[in-house]
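A.B. asks: If you read the sequences in order, they're chains A and B. Number 111 in this note's numbering belongs to position 111 of the first sequence; there are no gaps in the numbering. Counting the second sequence from 1 gives a position; this note's numbering is that position plus 1000.
Calculated directly from the structure, the hints in this document are not laboratory data. The beta carbon of each residue, even a glycine, is placed where N, CA and C say it ideally should be. Don't take each hint at face value.
Claimed, not checked - Anything over 10 Å on all C-beta distances counts as not near chain B; from chain A, calculated: (1) TYR34; (2) GLY48; (3) ILE61; (4) ASP106; (5) GLU172; (6) LYS175; (7) PHE181.
Said to hold, decoys possible - Which chain A residues face chain B? A few, computed with CB under 7 Å, are given here: (8) GLY24; (9) VAL28; (10) GLN37; (11) THR38; (12) SER40; (13) ASN62; (14) SER63; (15) ALA66; (16) LEU162.
Claimed, not checked - Here are the simulated distance ranges between beta carbons: (17) B:HIS1269 <-> A:ASP67: 37 to 43 Å; (18) A:VAL109 <-> B:GLY1060: 36 to 42 Å; (19) B:GLU1050 <-> A:VAL109: 23 to 29 Å; (20) B:ARG1201 <-> A:ASP67: 46 to 52 Å; (21) B:SER1306 <-> A:TYR177: 40 to 46 Å; (22) A:PRO97 <-> B:LEU1070: 53 to 59 Å; (23) B:ALA1053 <-> A:THR105: 34 to 40 Å; (24) B:ILE1343 <-> A:GLU58: 54 to 60 Å; (25) A:THR105 <-> B:ASP1280: 24 to 30 Å; (26) A:LYS2 <-> B:ASN1219: 47 to 53 Å; (27) B:GLU1067 <-> A:PRO97: 48 to 54 Å; (28) B:GLN1278 <-> A:HIS168: 46 to 52 Å; (29) A:HIS168 <-> B:HIS1269: 56 to 62 Å; (30) A:GLU58 <-> B:HIS1273: 25 to 31 Å.
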Amino acid sequence: MKTLNIGICGFGGQGVILSAVILGTTVVTKRNMYAVQTQSYGSEARGGQCQSELVISEGPINSPTADKKDILIALSQPSLERYLPTLKAGGILIVDPKTVTEIPTDVKVVQVSATDTAVNLGNRIAANMVLLGFIQAATNLFSIEELLDVVKDYVPARFIDLNLAAVHAGVELAKSYGGTF
Amino acid sequence: MTADGQRQNSRVLSGVHFMLGNYATVEGALAAGCDFFAGYPITPANEISERMAERLPQVGGKFIQGEDELCSIYAIAAASLAGAKAMTATASAGYNYYQEGIEYAVAVEAPCVIVNVQRCRGENFATQADIMQMRWGAAGDHEMIVLAPSSVQELFDYTVRAFNLAEQFRNPVIVASETTIALMRERLEIPGADRIPVLNRKYTDLGPDKYKTFDAPENGVPDFSPLGKGYHGLYTINPHDIDGSIEWDPIVYEKLYKRITGKISENEHIISHTESFQLDDADIALVTYGSEVRPTLDAMELARNSGLKVGVLKLGTVWPVPETRIREVAKQMKAVITVEMSIGKYAGEVERVVAGRCVTARATKNRGIGHTAEEILEVIKGVRA
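Let's have the full structure, built from the sequences with the hints guiding it.
C.D. replies: Okay, here's the thing in structure tokens:
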């Protein structure tokens, strides 16, 4: 792997930035890799469009953002429409069919029922953790234990059980999707 | 979430982190011995105050939220004179208000560290447009030491160095941070405390009867006297004699300011820090600083891939201007191109130093976002043509 460019976009409050931060922390502190995370968002506390970029590499990273993403995770319809042009030709688009209704047909799409899964676990707010579990299993960039370890550091104590369960559920979804990217 | 998953309470958080740039600035300060911080809220510098408010009490330091910028800059100057290692942080619009306090800190030779997270006017967009203000903003004769980090790691490393230079030269030292790196999370390796060089304050060996507050050799730095030990300390912004008393004699004034400026301008070789990338066989040098170093290094690779002999001179310190190294490089080049995120400000300094030794050009961009490597490559190709 030379570098992997990941974009995550959605509404403020969906955990877009936290997801990128957890991924970055895991590869840097657990796998001794390099990562750069940047973000842009509206001034609304919740509901505005929100985007985070993560560049992962085995060596030092110069330019902190990439024009084209290898993986784009879109958690809302408006953000999908805005950021789809940033997906590299041949890149992978990950969407949650609950929050993205018009799914493009001309790119490789992976549908992850993150919101429904999180709702079944008791709180839709954990949908981003389902996605993180899915990404762990689909990329094998790090182990599930390493991811869980970082998640524990970042989520409030009273929500740890919910979030860990959501990560596990995401891993299971990836298994039924059928292996790695 | 306040500490990137860290819940430790020690002064030096040794280890590998994925840390926000503003937090890395704080950790650098603490590793260097910072024990006082005053600041007034402003984006994109707020995470510095936020983390200082949490971390300083953990390590026995003091945090003050000033009622404004003026309070904050004078608070750190005064804390410094009382013996503290002091820092403040703001962003461009707030930095405007600091100038009077900086003038005072220069005049009384109060070591302190000022972080300016540069942002576009009124907005949280990226820029390097304060590069001249950080040098020239304060009134009166002065020299400034300004460091320009380009990464989260360098926000840590350069902030440590800023504290050390402040103590060494008894002058305010500015960390020219930027929105780009301050709000970026990146790999940060904090070494063991025993591997971080920390320079502490030099106090006089003389007794209160012999000691004079501003007695120092030519281009030198006076020793401090300890507070509360019977020394007579007087620190005025007015022209002062070596004992600190106000003295309007033009000869005294001239001598004082020759020393205050000379201690920095005559020590460029000690203060300057540059890094060279593939300059040995290059005929075009890209001179750059801060976050613009990053796309510039990528542009160098692109240019090399298309057969152009391009190298990069990265300026870790921007003030004083690393004239000796820029001159050396210019002698070997056909062209020197300054890359910066402004309308083109520091380029004037580079061109002054190059002084006709080779062709000069500029890659400038001022629209709230840094250069892409491809944009810099276009300028290189234009110079080649």
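A.B. asks: The structure should be examined with respect to each hint, and the outcome stated for every one.
C.D. replies: Hint-by-hint comparison with the structure:
no.: 1; hint: TYR34; result: violated, 5 Å
no.: 2; hint: GLY48; result: holds, 14 Å
no.: 3; hint: ILE61; result: violated, 8 Å
no.: 4; hint: ASP106; result: holds, 26 Å
no.: 5; hint: GLU172; result: holds, 25 Å
no.: 6; hint: LYS175; result: holds, 28 Å
no.: 7; hint: PHE181; result: holds, 22 Å
no.: 8; hint: GLY24; result: holds, 5 Å
no.: 9; hint: VAL28; result: holds, 4 Å
no.: 10; hint: GLN37; result: holds, 4 Å
no.: 11; hint: THR38; result: holds, 5 Å
no.: 12; hint: SER40; result: violated, 9 Å
no.: 13; hint: ASN62; result: holds, 4 Å
no.: 14; hint: SER63; result: holds, 5 Å
no.: 15; hint: ALA66; result: violated, 10 Å
no.: 16; hint: LEU162; result: violated, 17 Å
no.: 17; hint: B:HIS1269 <-> A:ASP67: 37 to 43 Å; result: holds, 41 Å
no.: 18; hint: A:VAL109 <-> B:GLY1060: 36 to 42 Å; result: violated, 55 Å
no.: 19; hint: B:GLU1050 <-> A:VAL109: 23 to 29 Å; result: violated, 39 Å
no.: 20; hint: B:ARG1201 <-> A:ASP67: 46 to 52 Å; result: holds, 49 Å
no.: 21; hint: B:SER1306 <-> A:TYR177: 40 to 46 Å; result: holds, 41 Å
no.: 22; hint: A:PRO97 <-> B:LEU1070: 53 to 59 Å; result: holds, 55 Å
no.: 23; hint: B:ALA1053 <-> A:THR105: 34 to 40 Å; result: violated, 51 Å
no.: 24; hint: B:ILE1343 <-> A:GLU58: 54 to 60 Å; result: violated, 38 Å
no.: 25; hint: A:THR105 <-> B:ASP1280: 24 to 30 Å; result: violated, 53 Å
no.: 26; hint: A:LYS2 <-> B:ASN1219: 47 to 53 Å; result: holds, 50 Å
no.: 27; hint: B:GLU1067 <-> A:PRO97: 48 to 54 Å; result: holds, 52 Å
no.: 28; hint: B:GLN1278 <-> A:HIS168: 46 to 52 Å; result: holds, 48 Å
no.: 29; hint: A:HIS168 <-> B:HIS1269: 56 to 62 Å; result: holds, 59 Å
no.: 30; hint: A:GLU58 <-> B:HIS1273: 25 to 31 Å; result: holds, 28 Å
Hint compliance for this structure: hints 1, 3, 12, 15, 16, 18, 19, 23, 24 and 25 are broken, all remaining hints hold.
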